[in-house]
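Peer 1: Sequence:
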Amino acid sequence: MEVVSAPGKHSRPAHQINGLKGNPSCLNESYEEKVKAFLSDEDKLHLFDDLTKVNPVTTATVLKCLQARYATEVFYTNAGCTLVAVNPFQPILYLYSPELMREYHMAPRPRELKPHIFTEAEQAYRNVQSQIEPVNQSIIVSGESGAGKTWTSRCLMKFYATIAATAASASQMDNDTVERIEKRVLDSNPVMEAFGNACTLRNNNSSRFGKYIQLQLDGTRLLTGASVQTYLLEKTRVTHQAPCERNFHIFYQITKGASKDERHEWNLPEGADFSWLPNSGRNLEEDCFEITKDAM
Numbered sequence: 001m002e003v004v005s006a007p008g009k010h011s012r013p014a015h016q017i018n019g020l021k022g023n024p025s026c027l028n029e030s031y032e033e034k035v036k037a038f039l040s041d042e043d044k045l046h047l048f049d050d051l052t053k054v055n056p057v058t059t060a061t062v063l064k065c066l067q068a069r070y071a072t073e074v075f076y077t078n079a080g081c082t083l084v085a086v087n088p089f090q091p092i093l094y095l096y097s098p099e100l101m102r103e104y105h106m107a108p109r110p111r112e113l114k115p116h117i118f119t120e121a122e123q124a125y126r127n128v129q130s131q132i133e134p135v136n137q138s139i140i141v142s143g144e145s146g147a148g149k150t151w152t153s154r155c156l157m158k159f160y161a162t163i164a165a166t167a168a169s170a171s172q173m174d175n176d177t178v179e180r181i182e183k184r185v186l187d188s189n190p191v192m193e194a195f196g197n198a199c200t201l202r203n204n205n206s207s208r209f210g211k212y213i214q215l216q217l218d219g220t221r222l223l224t225g226a227s228v229q230t231y232l233l234e235k236t237r238v239t240h241q242a243p244c245e246r247n248f249h250i251f252y253q254i255t256k257g258a259s260k261d262e263r264h265e266w267n268l269p270e271g272a273d274f275s276w277l278p279n280s281g282r283n284l285e286e287d288c289f290e291i292t293k294d295a296m
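My numbering puts the first residue of the sequence shown at 1, with every later residue one more than the last.
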């Protein structure tokens with residue numbers, strides 16, 4: 001807030017709280033003291049589940065809060081209407097269980113639960129249910145390489161597939177139809193990752209393209225299908241890879257997982273060394289060809 005008094009004949013010049021006028025050194029010292037005072041209470045930094053509550057808001061105070069929450073294995077933090085996710089770089093299965101999905105879906109007020117990607121997913125779903133304009137909802141997942149965008153996209157699609165199964169059961173929809181829709185929605189992930197992801201210096205499963213995923217609901221808000229649009233695929237990776245990086249996963253999946261008949265059909269000699277497939281000696285979880293074949 002800025003307070004300015006109109007200067008009269010005998011009045012002093014107005015001082016602005018933002019420090020543009022007045023004594024800058026005094027204001028800066030006071031501001032630095034507030035930052036130090038905030039950071040000194042380290043035991044409470046992890047309790048800030050919304051970064052808009054941090055006072056004063058600086059790069060140092062925000063990062064310290066995220067670091068403190070990360071140290072207590074809390075990886076999601078609100079920032080107003082935005083959710084900040086910090087990649088734990090380890091499996092945290094309890095955070096994405098079907099039981100937790102249902103808890104966020106059934107909660108009267110999901111915003112009162114702990115910050116989570118399921119909160120954002122459920123809010124978007126309820127906005128669609130309300131039929132209040134704009135009915136169509138979008139969730140933007142962004143971040144630097146290795147931030148966890150691919151995993152978050154997986155979680156969102158799994159969440160909506162789980163909701164679809166729950167809603168279908170309540171409406172007595174045919175179970176075979178529900179399972180077919182859920183499988184087709186979820187199977188799009190391994191296919192996209194096989195053909196569009198690669199191992200880089202920072203991330204073993206880095207998406208080398210952008211994607212727009214559209215989930216389609218019918219009049220009763222049941223999931224009826226999905227479509228995916230891709231763009232900006234890093235096509236040059238097919239013929240050129242940076243040192244210590246790899247080509248797209250699909251090539252390694254085929255050379256490592258193809259059957260004898262498939263190798264004969266595709267002219268892939270056993271143990272052959274391909275110049276466009278560097279670092280093929282590394283064995284990654286993403287090298288499983290069977291998962292991709294099953295999804296296709």
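Don't take each hint at face value.
To be verified - Here are the computed lysine-lysine pairs in the DSS-like style, where the Cα-Cα straight-line distance is at most 27 angstroms:
1. K149 x K64
2. K158 x K211
3. K114 x K44
As the list claims (entries may be wrong) - Pair ranges (Cβ atoms, derived):
4. E179 x C244: 15 to 21 angstroms
5. R111 x Y70: 19 to 25 angstroms
6. I92 x V238: 32 to 38 angstroms
7. T166 x E262: 28 to 34 angstroms
8. L113 x N136: 43 to 49 angstroms
9. K183 x T220: 17 to 23 angstroms
10. E29 x T166: 54 to 60 angstroms
Worth flagging that the hints you see were computed from the coordinates, not collected in a lab.
The beta carbon of each residue, even a glycine, is placed where N, CA and C say it ideally should be.
Peer 1: All hints are to be evaluated individually against the structure, with a verdict given for each.
Peer 2: Here's how the hints hold up against the structure:
no.: 1; hint: K149 x K64; in the structure: 22 angstroms, holds
no.: 2; hint: K158 x K211; in the structure: 17 angstroms, holds
no.: 3; hint: K114 x K44; in the structure: 16 angstroms, holds
no.: 4; hint: E179 x C244: 15 to 21 angstroms; in the structure: 42 angstroms, violated
no.: 5; hint: R111 x Y70: 19 to 25 angstroms; in the structure: 22 angstroms, holds
no.: 6; hint: I92 x V238: 32 to 38 angstroms; in the structure: 34 angstroms, holds
no.: 7; hint: T166 x E262: 28 to 34 angstroms; in the structure: 39 angstroms, violated
no.: 8; hint: L113 x N136: 43 to 49 angstroms; in the structure: 25 angstroms, violated
no.: 9; hint: K183 x T220: 17 to 23 angstroms; in the structure: 21 angstroms, holds
no.: 10; hint: E29 x T166: 54 to 60 angstroms; in the structure: 57 angstroms, holds
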